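Colleague: Take a look at the letters that make up each chain.
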Amino acid sequence: MAVNDTLEGTHKIIESAREQEPRLNPLAPTVNDFNQELTTLNLGPTHPATHGIFQNILQMDGERIISGVPTIGYIHRAFEKIAERRPFYQITTLTDRMNYCSSPINNFGWHMTVEKLLGVEVPKRAQYIRVILMELARITDHLICNGILGVDTGAFTGFLYLMDEREKVYEIYEELCGARLTTNMGRVGGMERDLSDVAIAKLRAWLKTFPAVMAEFEKMFNRNRIFMDRVVDVGGISAERALNYGFTGPNLRAAGVDYDVRVMNPYSSYQDFEFEIPVGTKGDTYDRFMVRNEEIWQSLRIITQALENLPAGPYHADAPHFYLPPKQAVYQNMEALIYHFKIVMGEIDAPVGEVYHSVEGGNGELGFYLVSDGGRTPYRLHFRRPCFIYYQAYTEMVVGQTLSDAIVTLSSMNVIAGELDA
Amino acid sequence: MADQNESIPAQEQAAAQDPAAQKNAQLLALLHRLFGADAFNDVEEPYGLLTATTTRERIHDIIEGLQKDEELQLNFLTTMCGMHFPDRPGQELGMVYHLHSLTQNIRLRLKIFFPIADPVAPTLTDLYATANWMEREAFDFYGIIFPGHPNLMRILNVEDMDYHPMRKEYALEDGTREDKTDLFFGR
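As they're listed, the protein sequences go chains L and F.
The working numbering applies: residue 1 is where the first sequence begins, and numbers increase by one.
The working numbering applies: residue 1 is where the second sequence begins, and numbers increase by one.
None of these hints come from the bench; they were simulated from the model.
If you're wondering where the values come from, they're calculated on a predicted model, not measured in any experiment.
Misleading hints may appear alongside valid ones.
The calculated lysine-lysine pairs, modelled on DSS-like cross-linking and capped at a C-alpha distance of 27 Å, are [to be verified]:
1) L/Lys219 x L/Lys202
2) L/Lys282 x F/Lys68
3) F/Lys168 x L/Lys342
4) L/Lys116 x F/Lys23
5) L/Lys282 x L/Lys116
6) F/Lys168 x L/Lys116
7) L/Lys327 x L/Lys124
8) F/Lys68 x L/Lys116
9) L/Lys327 x L/Lys342
10) L/Lys81 x L/Lys116
11) L/Lys208 x L/Lys124
12) F/Lys111 x F/Lys23
13) L/Lys208 x L/Lys219
14) L/Lys168 x L/Lys208
15) L/Lys327 x L/Lys116
16) F/Lys68 x F/Lys111
17) L/Lys168 x L/Lys116
18) L/Lys81 x F/Lys111
19) L/Lys81 x F/Lys68
20) F/Lys111 x F/Lys168
21) L/Lys124 x L/Lys202
Based on the provided sequences and hints, a complete structural model is requested.
Modeller: Below, the structure written as structure tokens:
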């Protein structure tokens with residue numbers, strides 16, 4: 001019998017380990033200490049300002065935060081366990097529900113991981129369509145984050161303007177996959193349908209109207225004295241600490257490190273496009289806000305380039321063993337029926353191997369570590385969720401600041417509960 | 001499958017020109033120089049990512065050495081996760097570390113394996129602040145214990161759960177059902 005087969009056994013091992021090495025940084029829930037006039041404050045789990053279900057037990061000296069204990073896992077859905085029993089194509093719906101503000105990035109990141117494992121080459125047109133949709137997703141993700149940051153500082157108008165624009169992007173998603181939030185878009189091997197004329201018309205119309213709205217939003221916030229007083233020098237983190245904490249994405253770039261997966265390890269033809277990586281200097285809330293704003297402009301540049309240079313050709317790989325055939329063909333064509341059956345039942349020839357693939361998600365490096373034993377489902381699938389990794393720095397970033405600063409810091413870090421808990 | 005077997009010698013031939021393969025060779029040479037060739041076994045490059053297996057006695061020193069190394073600067077811990085292979089006696093549990101050099105753009109995957117009866121792995125919390133929650137997750141999912149971790153408690157599952165759910169013995173579906181056999185549905 002294993003030592004830690006029982007809960008008591010596990011606790012015993014932990015206790016003995018703790019006795020051997022005293023705890024360096026005790027982090028126990030705090031208690032009210034009336035002699036020192038400290039109070040314990042529960043921020044969350046359902047506080048409206050946390051924008052998600054997670055709890056912080058803060059110890060306060062008046063308005064100042066002395067220590068904090070974050071508790072997460074309120075919407076943990078065991079995606080890594082569920083993925084061990086699902087064929088590859090069914091895992092796409094799990095990825096939707098991680099960072100649900102930018103689902104297409106998660107979907108395509110997962111598809112690219114499987115394509116890498118299977119050795120499927122995706123045609124240029126599909127890659128460009130993916131880039132367009134991933135950049136749209138990045139824009140919606142950043143719009144939500146920056147809009148909400150405005151709400152948390154008391155400015156509701158910007159948020160409403162931006163939500164309107166997000167709706168238009170969701171209509172473009174609808175043209176491609178029928179869904180809006182949890183998109184389940186694309187397939188292993190490419191897209192399930194081509195970019196239709198209606199979708200292109202909607203996209204072109206949106207590309208004309210959106211820059212003016214974005215410029216207005218920036219005019220409202222960027223040099224607004226009241227807004228700046230609330231966010232400048234709030235919740236800062238140095239580049240060194242950010243790297244040590246495993247920060248990626250806009251939060252790391254705000255601290256001054258120009259790490260972007262799209263540039264360092266280009267996937268899906270990102271090397272074809274001309275764009276810049278904005279970086280901040282102090283890693284504070286204002287820098288994070290400004291980096292996200294600038295990334296929206298850069299994403300627009302990428303979308304315009306991809307749309308203008310959209311190559312002709314097929315929108316999916318010629319890989320009948322892995323790519324689901326059109327439903328109509330399944331009824332009329334023997335081979336299509338066979339492939340459909342085999343793919344749906346998970347009877348594809350997956351090689352034995354392990355692959356790590358990462359994409360630049362809305363919040364940073366979204367990685368998929370897939371171990372395949374040749375079976376119909378992954379043997380092990382680990383998601384590197386950027387939120388989960390950088391949220392642990394939150395306590396360090398807010399200690400010594402006031403409660404209202406903690407709220408805007410949380411907001412600007414863009415912690416998405418679905419990605420945090422997976 | 002046949003494609004894969006054929007492509008492996010082709011990869012070795014291409015290694016002389018391929019910059020990624022050159023970087024991997026440089027990294028492997030560095031690993032051997034710093035820690036000795038005997039520290040690693042099962043060195044592979046699946047899909048271009050250098051992968052090596054080492055022991056839990058050495059993993060902390062290796063990751064610390066790589067963090068301080070000036071030549072390749074593998075000082076970014078991308079992710080780490082637990083693994084469970086019930087069919088490997090004495091090496092049932094494992095940890096997989098992904099390191100990344102942001103200056104040289106090289107990735108390295110390190111693995112350690114240890115028996116499930118003694119599920120202890122060294123903590124990296126003294127090197128990387130980010131290791132804190134990753135190790136808590138590995139403890140939560142697989143029951144891997146990290147002596148010296150400042151706050152080793154469950155992170156995603158409820159505190160009074162009395163098993164480690166990602167271990168392979170816990171089937172996702174009800175094991176008593178007979179209408180859904182593994183022959184047709186999932187694993």
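Colleague: Of the hints given before, which are not true for this structure?
Modeller: 5, 8, 17 and 19
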